[in-house]
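*Asks:* Protein chains in written order, with my numbering: chain A, 1 to 365; chain B, 1001 to 1110; chain C, 2001 to 2306.
What the hints contain is simulated information worked out from the structure, not anything from laboratory work.
You may find that some hints are simply not true.
[Said to hold, decoys possible] To be clear about the criterion: a stretch of chain B counts as covered by chain C if any three or more of its residues have a C-beta under 8 Å from a C-beta of chain C, and this derived list gives those stretches:
1. 1066-1080
2. 1086-1096
[To be verified] Cβ-Cβ distance ranges computed for the label pairs, FRET-style:
3. B/Asp1091 - C/Pro2135: 54 to 60 Å
4. A/Ala45 - C/Val2085: 24 to 30 Å
5. B/Asp1025 - C/Leu2008: 28 to 34 Å
6. A/Glu53 - B/Pro1075: 56 to 62 Å
7. A/Leu187 - C/Asp2018: 40 to 46 Å
8. A/Ala45 - C/Asp2201: 50 to 56 Å
9. B/Ala1101 - A/Leu111: 53 to 59 Å
10. A/Glu48 - B/Asp1076: 29 to 35 Å
11. B/Asp1027 - A/Ala45: 45 to 51 Å
12. C/Pro2135 - B/Glu1065: 51 to 57 Å
13. A/Lys85 - C/Asp2018: 39 to 45 Å
14. A/Leu187 - C/Arg2072: 35 to 41 Å
15. B/Asp1076 - C/Gly2221: 28 to 34 Å
16. C/Asp2290 - A/Ser138: 32 to 38 Å
[As the list claims (entries may be wrong)] Anything over 12 Å on all C-beta distances counts as not near chain B; from chain C, calculated:
17. Ile2003
18. Arg2014
19. Arg2030
20. Arg2150
21. Asp2165
22. Asn2180
23. Arg2235
24. Asp2239
25. Ala2255
26. Ala2266
27. Lys2270
28. Val2272
29. Glu2302
30. Met2304
Every residue gets a Cβ at the ideal spot worked out from N, C-alpha and C, and that includes glycine.
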Amino acid sequence: MNLLIEAYRQPESIRRLGTADWDLLVRQARHANLVGRLFLRLQSAGVEADIPEQPHNHLLSGAVMASEQRHAIRREACFLREALKPAGITVILLKGAAYVAAGLPAAQGRLFSDVDILLPKERLGDAESALMLKGWASTATDDYDQRYYRRWMHELPAMRHVFRGSALDVHHTILPPTARLKPDARLLIEASVALPDLPGVHTLSLPDLILHSASHLFHEGEPDNLLRDLTDLDLLLRHLARDDTAWDGLLERAVQLQLSGPLRLALRYCHRLLGTPLPERIAARSRCLADTGIVQHMLDGIYARVLCPQHPSTADRFTPLARRSLYIRAHWLRMPPLLLAYHLAHKAIFPPKQETHPLSTEQQG
Amino acid sequence: MVPAGIRYSASETLFEGLADVLWKDVDEGWVRYDPQAGATLLLAPVTRFVLDQLSVPGRQRSEDELIHAICQEEPDAAPEDCRQLVVAALDALIGARLIQAAPSHSLENS
Amino acid sequence: MKIRDLSLAEFRARLGGDGIRLATGPFNCRLQSGIPELADELARLYAHHPLIDDKPFIDFHVGVQPGHGLRRWIAPQARFIVDAVEPFTPLPRGQALPMLEWGLNWCVTAYCHHILVIHAASVARGKHAAILPAPPGSGKSTLCAALVNRGWRLLSDELTLIRLDTGQIMGLARPVNLKNASIDIIRAYAPDAFLTRPILDTTKGTVALMAPTQASVEAVGEWADPAWMVLPRYRAGSDATLTPMGSGTAFMQLADNAMNYHVLGARGFKAVGDIIDRTRNYSFEYSRLDDAIAVFDHLAAEGMAE
């Protein structure tokens, strides 16, 4: 029973929901981090009046939280500009921060916790210095993490601003250097687009944002946010689709960046799960809807289970295995096998720190 | 001690969100809410006056010029009181990043 | 049907099973617990709250459960869970009951940005309410507990909820959280009120929960209009003194104490502004509770006279 995907695909279907269904829908949406996005989806489909009062409060609450973020992210972009300008480095926003700063539909209703930026590999050292000068500090805690991030992954260890507490990820490529696919970061940087109302701040071009999202989606090991990230892709693609000719450009760009594989998977799942409109010629060219045998079948099985909200109401007995398989597959795509075994072993010995809050009702300062 | 050459102007970010700023009349003056900056400030009348004086793109004013403007607005006020109020206002506005100080020999201009 | 209409055995069974479904003001809650020793006091704290078995929509599915694995028995822990998420680190099992209260507060602050949520106590006489924002050391909870036992109804001890459309306060009428010295003070001041056993060694010191009065719970559906904003400060030996506060200072105090002021953006600015437009704003210094109550009663009388 997947009320969330159903409500997202077919907003009018909420008219048939009973009170107990609404209870479940809100909980599923919360687990998928899609409360706000669901609200905006229902609102733009004209069915907001059909949402009963109590669920309406929860959904609206999620949307309110997301909408205020717009200002917070723009402020961060300005602070970043201020920090990197002296070093002659242009701020190029990626992912959520890019959607928000550019006012794209993909920004709506969702909370983005980090700001991600892209810059040339050879400027990484200068950037790190410039950022630390303006109050950002590294969050990598032990030597292993430091090595892992600097050498094997595609980013400096995540940074956090000392006063504002905002999180920053600095990338010089969009996939790790150790991954099998190697999209050229220089091409991405060259094609970046200036924001008209935030001088000195750029984002990746729309096709590149889509391809980045697609490559990220299916290289991720943690299933919790896959559905949410898929809704990002759905919104980005629909935005691209306003210009029908842009689809062909997207396919060509995918070839150029060696990301045709991830794009194919993204189109397949967006169309099948969320009903993203797909022109026939594009489906044909990318062969994204074709069935290509057993491996594809298995992958479909894994993803169908994982792309559901991570809530007990939608799990079945295969789900734990599916989740583990996804973790292994994603890390296989990212790291050579030897490294993978070492990394997984290390993570088992030192379990990741949990996200918990000290219990306090005192106002945060 | 403020060197005589200091001139004040609006900070770069002041104008970026100006259209969205909300004001509320209160007993002590105004509460100013800036959605872009996410900042809520309580401004006494003198502070608002100084801010308004500097909220013109490209304009710079020294402390003396601002005190003079205040005294013109309030002819009955004691000049020393005006000086103290202006100094306090400039401090508050700089702290809130709404204005900035630039030495008058600098080539910087907004 | 109210909680008090259930036998303790029935209450225990539901609590350990599918859960107790009750309403706290505008929120439907489902409470579950695998820690049976809290059932007795929990049932008394919520005695007058309505059961809502006929209402399938639940706002907060919460529970306090024993610690995992060994921590179930060794240095036993309690965990707060809201719909399969644990927002806090575990606490000692003896603190399970206040942990449930703190957890319910957390739910309100996390999931309710359709309203303005202020970290403040609020009490009402009829339709007129006083909001008491609460910096630490203000003695807010003691004052609140005293008022509630002298003819004021409890809207909330900790989180005051303001509707964005009408500016009215929606009460919760949940238990009042008392700390350290105020526990004995309130026991003496209100001998008929139900207080739990003191719970020691929490991060706030010794804590006890006081049940809301029956009148408070039964009137919780009557939303109140903010009439006074009073910033209390306990100072030993002082006389009870109200000092008028400028509306700008009052605005900043309220905004500072509003948990989701920044999240609400311009809506928050407007909501706080609307409150201080309607309220008479004071800072308040006091020591003796009877004097403090007299001041509040006087405010209420003034309000009626208008």
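*Asks:* Work down the list of hints and note, for each, if the structure agrees.
*Replies:* How the hints compare with the structure:
no.: 1; hint: 1066-1080; verdict: violated (count 0)
no.: 2; hint: 1086-1096; verdict: violated (count 0)
no.: 3; hint: B/Asp1091 - C/Pro2135: 54 to 60 Å; verdict: violated (25 Å)
no.: 4; hint: A/Ala45 - C/Val2085: 24 to 30 Å; verdict: holds (28 Å)
no.: 5; hint: B/Asp1025 - C/Leu2008: 28 to 34 Å; verdict: violated (57 Å)
no.: 6; hint: A/Glu53 - B/Pro1075: 56 to 62 Å; verdict: holds (59 Å)
no.: 7; hint: A/Leu187 - C/Asp2018: 40 to 46 Å; verdict: violated (57 Å)
no.: 8; hint: A/Ala45 - C/Asp2201: 50 to 56 Å; verdict: holds (53 Å)
no.: 9; hint: B/Ala1101 - A/Leu111: 53 to 59 Å; verdict: violated (38 Å)
no.: 10; hint: A/Glu48 - B/Asp1076: 29 to 35 Å; verdict: violated (57 Å)
no.: 11; hint: B/Asp1027 - A/Ala45: 45 to 51 Å; verdict: holds (47 Å)
no.: 12; hint: C/Pro2135 - B/Glu1065: 51 to 57 Å; verdict: violated (41 Å)
no.: 13; hint: A/Lys85 - C/Asp2018: 39 to 45 Å; verdict: violated (60 Å)
no.: 14; hint: A/Leu187 - C/Arg2072: 35 to 41 Å; verdict: violated (56 Å)
no.: 15; hint: B/Asp1076 - C/Gly2221: 28 to 34 Å; verdict: violated (56 Å)
no.: 16; hint: C/Asp2290 - A/Ser138: 32 to 38 Å; verdict: violated (58 Å)
no.: 17; hint: Ile2003; verdict: holds (42 Å)
no.: 18; hint: Arg2014; verdict: holds (45 Å)
no.: 19; hint: Arg2030; verdict: holds (36 Å)
no.: 20; hint: Arg2150; verdict: holds (31 Å)
no.: 21; hint: Asp2165; verdict: holds (19 Å)
no.: 22; hint: Asn2180; verdict: holds (34 Å)
no.: 23; hint: Arg2235; verdict: holds (25 Å)
no.: 24; hint: Asp2239; verdict: holds (25 Å)
no.: 25; hint: Ala2255; verdict: violated (6 Å)
no.: 26; hint: Ala2266; verdict: violated (6 Å)
no.: 27; hint: Lys2270; verdict: violated (8 Å)
no.: 28; hint: Val2272; verdict: violated (9 Å)
no.: 29; hint: Glu2302; verdict: holds (20 Å)
no.: 30; hint: Met2304; verdict: holds (25 Å)
The structure is inconsistent with the numbered hints 1, 2, 3, 5, 7, 9, 10, 12, 13, 14, 15, 16, 25, 26, 27, 28, although it conforms to all the rest.
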